[in-house]
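Engineer: Listed here are the chains, written in short residue letters.
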Amino acid sequence: MTESRPNPKALLIGSPNCGKTLLFNRLTGLQHRVANFPGITVEIARGHMSGLDDVTLYDYPGTYSLKAISGEERVAVEQFEAALEDPELGVVLCLVDVTRLEKSLYLALQVTRECARAGKPVLILANMIDVLERHDIHLDLDGLAAEIGAPVIPVSARAGTGLDTLRERVRQEFASPQLPRRSGDEDDVLLRGTSHQLARKYGPKGDVLLKSQHRLDDFFLHSAFGGVAFFVVMYLLFQSIFTWSAPAMDAVEAGLAWLSDQVVPLFGYQLARDFTADALFSGLGAFLVFVPQIFVLTFVIGLLEDSGYMARAAVLCHRPLRFFGLTGKSFIPMLSGVACAIPGIYAARSIDSPRRRFLTYLAIPLMPCSARLPVYTLLIAAFIPSGTALGGLVGWQGLAMFLVYFFGMFSGLIVTAVVSRWGSTREADLPFVLEMPAYRLPSLSPLLRRSWQRCQHFITKAGGIIISVTVIVWLLGYFPNYGEDLGASWLGQLGRIIEPVFAPMGLDWRYGVAILTSFLAREVFVGTLGVMFGIEGADENMVPLVAQIQSSDLGIASGVALLVFFAIALMCVSTLAILSREAGSYRLAVRMFLAYCAMAYVAALLAYHLVGLFGA
Amino acid sequence: MTVSLWTLARGESGAIDHFDECLPEAYRLRLLELGFHPGESVRCVQAPALGAPRVYQVANVTFSLDDDIAGCVHVVQVHDD
Ligand SMILES: Nc1nc2c(ncn2[C@@H]2O[C@H](COP(=O)(O)OP(=O)(O)OP(=O)(O)O)[C@@H](O)[C@H]2O)c(=O)[nH]1
Ligand SMILES: [Mg+2]
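So the protein sequences, as listed, match chains B and C.
Those letters in the first sequence? Residues 1 to 616, per our numbering, in order.
Those letters in the second sequence? Residues 617 to 697, per our numbering, in order.
Derived by calculation from the structure, the hints in this document are not laboratory data.
We treat Cβ as the ideally placed atom computed from N, Cα and C, and that holds for glycine.
Just so you know, not all the hints are guaranteed correct.
[To be verified] Simulated restraints on C-beta separations: (1) B:F406 to C:G655: 45 to 53 Å; (2) C:G655 to B:E186: 17 to 25 Å; (3) C:G667 to B:S50: 37 to 45 Å; (4) C:S620 to B:S50: 50 to 58 Å; (5) B:A598 to C:G655: 28 to 36 Å; (6) B:S212 to C:H634: 49 to 57 Å; (7) C:D633 to B:S443: 37 to 45 Å; (8) B:K201 to C:H634: 33 to 41 Å; (9) B:L441 to C:S620: 53 to 61 Å; (10) B:E186 to C:G667: 38 to 46 Å; (11) B:P320 to C:S620: 17 to 25 Å; (12) C:S620 to B:N7: 50 to 58 Å.
[Claimed, not checked] Beyond 10 Å from chain C on every Cβ pair, some chain B residues (computed): (13) G47; (14) Y106; (15) A199; (16) H318; (17) I342; (18) W396; (19) M409; (20) V433; (21) H457; (22) L476; (23) P504; (24) L594.
[Claimed, not checked] So the derived list for chain C, only partly shown, Cβ under 8 Å to chain B, looks like this: (25) A631; (26) A642; (27) P654; (28) G667; (29) P669; (30) A675; (31) V692.
Given only the sequences and the hints, what does the whole structure look like? Please build it.
Structural biologist: Laid out in structure tokens, this is it:
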């Protein structure tokens, strides 16, 4: 923009949960994670500002001050200090939450001082102005600006107000000559006092903004109702994955069957027909069916996150989790792990105690992530009747899903409980301080976009692996006898080698092969089975995989053993990679991989015999 | 006479007096940064069962603190009517 800055940069800093990422998304058109809970952003993100295309905008993790306590605060503070020395940095945008000035102003004053010392202009953005307008509250932002010594621009990241003014100001800052460095000698004690006074003088008066929050908290944190509400919310979450997505899953299945009926006969060669039907439609299709579930899961978790309920859940869970060696702050990483372990592991950065963070790492891979969902759904649909009880309120399959999910989470907690008591180094407990966000109506369109993005990610990430695996599995299973006899194929021969490993659970070689391929990605299990049953089925009409499993003679004990195996085994390469990175060593990841696979095997064997004992 | 913040029942308020030695320095500063200034009034707005962290209101913000930290904050109880 100016000659001196070929790559102009601007950065967005502020206290946790004040709306930085939502504003960043608005200004760049990107879709980074926004949630109503402090400590969501843990990495610096960047993007081009729309309307000011040559300016790169950086979104920072939130921090309450320039003295960091937790991991993501450290990222923000260290990077901020480094950025101030960067000649390309043209303006610092410091976001404050105007509804909660007292938590934001101290950082704003510190940032203003550091910017003065470094000769960088700073703009204070008074975010959430829409909330004040809704309550008809007017603040003297000009007065505040005069006292801080920096311009204050009212904005609403949610409603999108004030963004044009903001862009104009940013443009002006880049066009104006560089500021001289000033001494900026106010110390932190003085700034704390000043921020306190300013918040009192300029902040919203009275309790209006907190009234509805108190009323909802009276219920959600109530000694009795609070606990009940927690279980109802969690139960609805799991039920929704099953019941809400069922129609869409049926539609995808029917659509694929129709398409297969149209496409397959078009091929002249038998070989090509078999390949399309068995590898493409049975293999890939078996996995595409689960996209609606991934969507619903991400969406419902997003609703919970954006509503502000998660912070309450963290409070309610703190005591029980402490018993298992964790903290209430482990709740969000663990629940994020229900969607996918990777964001869960990142989210664990906001846990200030290193030991509890380590224990949370142990628990996350056992959270029932969405890659397990296709496997669970398939097995549950094959073994559990689809009826309902209590007048349609409780579906058996939903209940079974709840139990499998619960089993995974509970195993995670058992592991952390054992490990936390094992270790001799019992570090002093770090205190639990958590800001309680306001309750908000979730904004639907960003959530829908995010859920869709997850599905795309699911399709492209897993899709590549799944295509390669299904093709290889199909080739191995089809030759040398052209699909006449799966058992005698190369795959069958290979399967016989693995068979003894899983035979003690009543699983034949086909399941052994499917489990083996699922070490590339859990979802591959479904695709591999699809291909194998597709070759065996030999007809060109698609029979749903569930029906084929039901007609194969797999007992319920083996089904339960499979569920247990998948609930525990750590089979995700990306999780292991991220774990090594975040924990700073690959040793933890390798150990966890070995331990969880061994544990999964033993537990599956136990489950097989237990179910067998009870006469199924 | 001061009492610890943790002893305030739901609905009760206190004015912050001082912080105990047992509170790690980083957290003492953090509380100050969050608005827990000496003299400032703090109200216990929620006290869920079973020793869960309680929710305290300072000015316009609510924070949840567990007994480890609330037990180290000393307040002069204020009886409002
Ligand atoms: N009403 C209203 N809500 C907002 C506004 N800006 C953000 N929010 C909400 O505030 C919550 C936090 O938003 P984020 O953008 O995740 O906040 P952040 O500052 O990036 O948070 P961290 O990354 O955790 O530090 C979300 O629920 C947003 O929907 C706003 O201007 N008005
Ligand atoms: Mg953020």
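Engineer: With reference to the structure, classify each hint as holding or not holding.
Structural biologist: How the hints compare with the structure:
no.: 1; hint: B:F406 to C:G655: 45 to 53 Å; verdict: 48 Å, holds
no.: 2; hint: C:G655 to B:E186: 17 to 25 Å; verdict: 21 Å, holds
no.: 3; hint: C:G667 to B:S50: 37 to 45 Å; verdict: 49 Å, violated
no.: 4; hint: C:S620 to B:S50: 50 to 58 Å; verdict: 51 Å, holds
no.: 5; hint: B:A598 to C:G655: 28 to 36 Å; verdict: 58 Å, violated
no.: 6; hint: B:S212 to C:H634: 49 to 57 Å; verdict: 34 Å, violated
no.: 7; hint: C:D633 to B:S443: 37 to 45 Å; verdict: 42 Å, holds
no.: 8; hint: B:K201 to C:H634: 33 to 41 Å; verdict: 25 Å, violated
no.: 9; hint: B:L441 to C:S620: 53 to 61 Å; verdict: 37 Å, violated
no.: 10; hint: B:E186 to C:G667: 38 to 46 Å; verdict: 41 Å, holds
no.: 11; hint: B:P320 to C:S620: 17 to 25 Å; verdict: 24 Å, holds
no.: 12; hint: C:S620 to B:N7: 50 to 58 Å; verdict: 53 Å, holds
no.: 13; hint: G47; verdict: 30 Å, holds
no.: 14; hint: Y106; verdict: 5 Å, violated
no.: 15; hint: A199; verdict: 6 Å, violated
no.: 16; hint: H318; verdict: 5 Å, violated
no.: 17; hint: I342; verdict: 27 Å, holds
no.: 18; hint: W396; verdict: 32 Å, holds
no.: 19; hint: M409; verdict: 19 Å, holds
no.: 20; hint: V433; verdict: 6 Å, violated
no.: 21; hint: H457; verdict: 33 Å, holds
no.: 22; hint: L476; verdict: 55 Å, holds
no.: 23; hint: P504; verdict: 43 Å, holds
no.: 24; hint: L594; verdict: 35 Å, holds
no.: 25; hint: A631; verdict: 14 Å, violated
no.: 26; hint: A642; verdict: 6 Å, holds
no.: 27; hint: P654; verdict: 10 Å, violated
no.: 28; hint: G667; verdict: 5 Å, holds
no.: 29; hint: P669; verdict: 5 Å, holds
no.: 30; hint: A675; verdict: 5 Å, holds
no.: 31; hint: V692; verdict: 18 Å, violated
Consistency with the previously given hints fails for numbers 3, 5, 6, 8, 9, 14, 15, 16, 20, 25, 27, 31, ordered from lowest to highest.
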